[in-house]
Structure formats: C-alpha cells, structure tokens
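Participant: For this note's numbering, add 827 to where a residue sits in the first sequence, where the first one is 1.
Zero decoy hints are in this set.
Computed cross-link-like contacts, DSSO-like style, restricted to lysine-lysine with a CA-CA straight-line distance of at most 30 Å:
| id | residue 1 | residue 2 |
| --- | --- | --- |
| 1 | 1077 | 1179 |
| 2 | 1386 | 1358 |
| 3 | 1018 | 1220 |
Keep in mind that the hints were calculated from the coordinates and are not lab data.
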Amino acid sequence: MRWSNYLIPTLKEDPSETDTISQKLMIRAGLIRKLGSGIYNYLPAGFKVLNKAINIVREEMNRAGAQEILMPVLQPSELWIESERFNAFGPLMCKFTDRTGKIMVLGPTHEEVVTHIVRNEISSYKQLPINLYQIQTKFRDEIRPRFGVIRSKEFLMKDAYSFDTSKGGLDKSFDAMYKAYSSIFDRCGLKYKIVLADSGLMGGDTSLEFMIPAESGEDLLVSCGKCRYSANMEKAECRPPQSLEQEPLKASESVLTPGKSTIDAVTEFLKVPAMKLVKTLIYVADGKPVAVLVRGDHDVNETKLAHILNTANIAMADKETIEKTTGGPLGFSGPVGLKMTVIADHSVKALKNFVTGANKADTHLTNVNLDRDFTPAQFVDARVCVTGDKCPKCDGTLSISRGIEIGHIFKLGTKYSQKLGALYLDEKGASHPIIMGCYGIGVNRIIASALELFNDQDGIIWPPNLAPFQAVISAINPRDEKIAAAANGIYETLKGMNIDVLLDDRDVSAGVKFKDADLIGMPIRITVGSKTLKSNTVDVKLRMQKEQYTVNINEVGVKIHGFWNEYTTLMEKMRLQ
RNA sequence: CGGGGUGUAGCGCAGCCUGGCUUAGCGCGUCUGCUUUGGGAGCAGAAGGCCCCGGGUUCGAAUCCCGGCACCCCGACCA
828 MRWSNYLIPT LKEDPSETDT ISQKLMIRAG LIRKLGSGIY NYLPAGFKVL NKAINIVREE
888 MNRAGAQEIL MPVLQPSELW IESERFNAFG PLMCKFTDRT GKIMVLGPTH EEVVTHIVRN
948 EISSYKQLPI NLYQIQTKFR DEIRPRFGVI RSKEFLMKDA YSFDTSKGGL DKSFDAMYKA
1008 YSSIFDRCGL KYKIVLADSG LMGGDTSLEF MIPAESGEDL LVSCGKCRYS ANMEKAECRP
1068 PQSLEQEPLK ASESVLTPGK STIDAVTEFL KVPAMKLVKT LIYVADGKPV AVLVRGDHDV
1128 NETKLAHILN TANIAMADKE TIEKTTGGPL GFSGPVGLKM TVIADHSVKA LKNFVTGANK
1188 ADTHLTNVNL DRDFTPAQFV DARVCVTGDK CPKCDGTLSI SRGIEIGHIF KLGTKYSQKL
1248 GALYLDEKGA SHPIIMGCYG IGVNRIIASA LELFNDQDGI IWPPNLAPFQ AVISAINPRD
1308 EKIAAAANGI YETLKGMNID VLLDDRDVSA GVKFKDADLI GMPIRITVGS KTLKSNTVDV
1368 KLRMQKEQYT VNINEVGVKI HGFWNEYTTL MEKMRLQ
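Kindly produce the complete structure, drawing on both the sequences and the hints.
Facilitator: Spelled out as structure tokens, the structure:
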C-alpha cells in the first residue's frame, strides 16, 4: 500500500472530548472517528487492526472446537419475554416497533436466540456437547458511553455458547474456553489478569473475567499480594474480623447532632473515628425495607447485598420511605428500635460502644452495643473491600487496582434452557434441560486495551499481531528519482516476501513522516534518504528503540524477518514486565 | 433520570459577560505556485462559515431572552 493513496488521517493536535489515552490515540492515528455518542467509524487502518483481532479470535475459537454461526442483530421481543429478561434489561435494550406494531429489539447479547436455535435443532444427547459462537455487533443503549470504543452503544462481541449434558461436561467446555481465551489474549500480546466475577444479569454461578490492568478501567479489582486470589470488586469477599475490641461496655446516650447527617459531619462533630460509627442504610428489596449496617468507614457492596437478599431488585430507599419506616429523617437512621429486618456486616460484630443514628431528627446514639441495644437478624459479608483488608484465602493483604473487562466466561447452568425449553433426551429417553455456558470477548476492547497498555509520548506501540502494518518505508524526498527508485525496490521486495508494508511516498517533510510513523506505531521503519543512499544503505529503526541500524539496500529483504523477530521479542518483554 | 458545561471553517479554539468598531477572527489542516526535504519546513496567494435549530427582544443579535436538539463531564445505574 502506498501512503499517498491510503486514508489514514492523522491529527497533529489532540482531539477534544477524549477521556482515555487509547481513544485519543485511535483518533489521532486515524484509526477511528466518532459518529455520535458511543458510535464510531473504523477507517481503513483501524478496520485492518480490528480484523487482525477478529482473525485471532476466530482461529482460537475454531481450534477449541467451537463452530461459528451468525445470528441476527434484529430479534423478536417474544424471546426476551420468554426468558424473562425483557424487563430485566429494561432501557439498556434498544427497542422499536415495526410497521405491524410488533416490538423488536436490537440484541444486546444472544443467549435467547442461540437457545432458540438449540431447542429447535438439538434433541438428543448424541448431538452434544456443542459450542456455537459468533462475532457480531451488539447494541446496548448505555446510560453513559465513554472511553471511546471501550464503552460504546454499538460494539463487536465474540460470543460463544456451550451446551452440555452434565456438570462435568460444562466444566470441560468452560475449561476449553478458559484456555482459548488465554491463547487469544496471549497472541494479541496483552497483559491480562483472570479474576473471580459476579455473573449479574447473565445468571449462573461460576464466572471469571479476563481483565486488562489499566488506570482507565471501569472495574475495580481486588488482588491478594501473597496468593493468587483476585476478584472483581463486586464479587470480592471480605474476611470477617478475627478479634473483637476489648472495651468495657458504656451506657448508651442520646446526643444532639443538629444537621450532622453524614459520616464525615458526625465524626468531626462528635470527635470519634469513622470506624466507631455504624452506618444504617435502608434498602428496599422486592418492595420490603431492609436495614443494612456497615462500619462508618465502609460502604455497602450492592452486588453482594442483592445475592444475600436473593433478588436483583434492590435500591436504596428514598427520603419518604425512610421517614415512614424508621420514624426519623434521612441521615439519622439507626438499628436501635428499628421495626424491620436488620442485617449487619461482619465488621460490625467486632465493634463496641459505637455511634448510630437515633431515628430522630438531629440525634445520634453513642455507646451503642450489640445484643444489649439491638440484635441483627444475621451477620453477612455485605461491604466493599478496602485496601489493607486481609485476603479471604490466606494471610496476605488485599490491594485494589483498575481493569478493563475484555472477556467474561460464565457457567450458566440451565437458566435459559429451562425458560426457553432447550431439552435433550438421554440414553434412557428421559428429558433434561441442556447445561449451558456462555463466553464473551469485547473485540473492540482488544484494540483499546492494547493502546492503553503500550504507548509512549509519540504514539502507539503495537503488539506485533495487531499492528496495522509490519513496516513502513519512509522515502525522504520522494521527488528525488534515486530515492523513489530505491524505496520502491525495497517495497516490492518486501511485498514479495509477504511483509505487510506501507510505502510512505508522500511529498511531505521527513519530520512529518517520522511523526506519523511513530503516532500510528509502525513497528519497523525503513528510512530511505540521500544521506545514506550514497553508501547504498538505509536506516532501519524499531518503534520502541532510539537507535537505528544501517542496512545495505540489498540486504533489507534478508534481514527483515530478523528485525520483525526482534520487535516481537521486545514487545513480549514489555508485556511480561 | 438529576446536577454542571459546551455547540463559531475539516480539526483545535478566541470573540459572547458589556449587542454596532467584524466584511466573524486565530492556529493546525486543505488547494495553487516557488523554494525546501533525516524529527510536525519557508514565502506568496486562495478556498472554506445557515456562528447547532426554531422563536422572541431590538433600528441592529454569534453576542440578550425563551424553547428544542446534539455532544461532554459528575452522579445514579450497568452485561
């Protein structure tokens, strides 16, 4: 490809309204352009990279024995009503009414459709196990799209679905995907971490997320410094405190705290540390109020709370509900005398003589104690982990970092097969729901993640298997016939060797060529200029190195694989750092 | 959905508060010509604007007011 005729519109200046390095680089390097909030055009080089990721995904899925299919984006809403996810997805799902008045949805995912295929086409254990996958566009009407292609309203997902006759079979299918995912992200040259996750709306029990460590990630990861324990914040367990505070119980008192409705205000006013306060949060779960107690310096983990309460339908109570159910205003709730189910986080168990709200305006209670003043219905793990918490699995300490969710694998079980009636007959002719797994990869996120991980001041540094080109030939002053001829000769040689090479034949100054090559992240740059041409040589430079190699023009072809291998080796080193 | 912000040339922005000194500017990019060509070249010239849309106030609106739309940020929410 000749640059003079290739659409790769680089930007000298930073675009406005970008919130991550990857988004900025993708736009500046001419890979993508924004069409609207959360929707992007992929320009030639961007699409080329996307296809490289797609091909890696496809090859590894095929290698793992999955079969590629293509399911429609457009789906009848009936299937979603059948699976009872029509309302669960709610406004996140793009819907419209067709000309006959039928409600259609643009698939945010494809469990329903794939289960429909299987219920129609599979009826015997002899046809199982099977794994069907596709690489297809998904639509999700995101509340707030952001971070470029990392959270967009339309995105490309590889979604696979396994169908088994036994738990053991599901374990095998799951394991095969675990391995395939590892191969995919290895080949993409990404750093990643595999963490325990919550399965959310998808259902099922076991789920693991593949996470790219990145500051711009939306997910919080909890990792043990000592063992391999690593989990999404939503899922991360907190170890109950080992020892209780040793303090004699003091008499509880009611104190006036006018206007002090927040933890900060109360700690300052009463001069007690936040960890000697107990926050009483009123939730409404399936229409019923529940009080949840956590230490003042802790927060409720709503995902874990939802599991404890066994419903997805929880929300913090509004002001009116709090007043009606506790008898006091928002900000002054407390467990003493409260007429509703009270559950407390384990950390509360260790406290003595703590402060709570009094369910009365501008009033708190001091020196409140468990059992003497109130007794929670149960102690649970309902809080958000914090740095310094002890690992639930060993005696290590937990730390918190950020990550981009790039893949998620679930053991679904029979949630969908039961609801949609995907059954098989076993050897004895008995009917059972098929046991399912589902496995997603955010294909666009592969690219964005690579850029979050590997970049410098000058631009992108591509993992070798994702780079839009392997090499660029920068012809300095292509109007000089000798230079043009030499550059062209090398170009033809490399093309003949199946090297993916771009010839920068633009009549622009050397600086522009170098800046563009760096910005786009050309792994190998071959500079053809009058300076070295006299000695019949060219300069070869790898993107991440400062120094250049002097190579005889006739030897570029012979040496190019060596340079490529060197680039690959250096990137692998960066990846493993 | 709540709070805040922005909308002016392909991109990045100034002008708006205090209406007329603007024929609406600047930088980048684009086009033409000449000179250049090893880290975003120089000179000369040029093209390119429903100043987001609609309504209003005014002798006069990019500027003030009302309504709408789009985009962004924070929050809530989230596979």
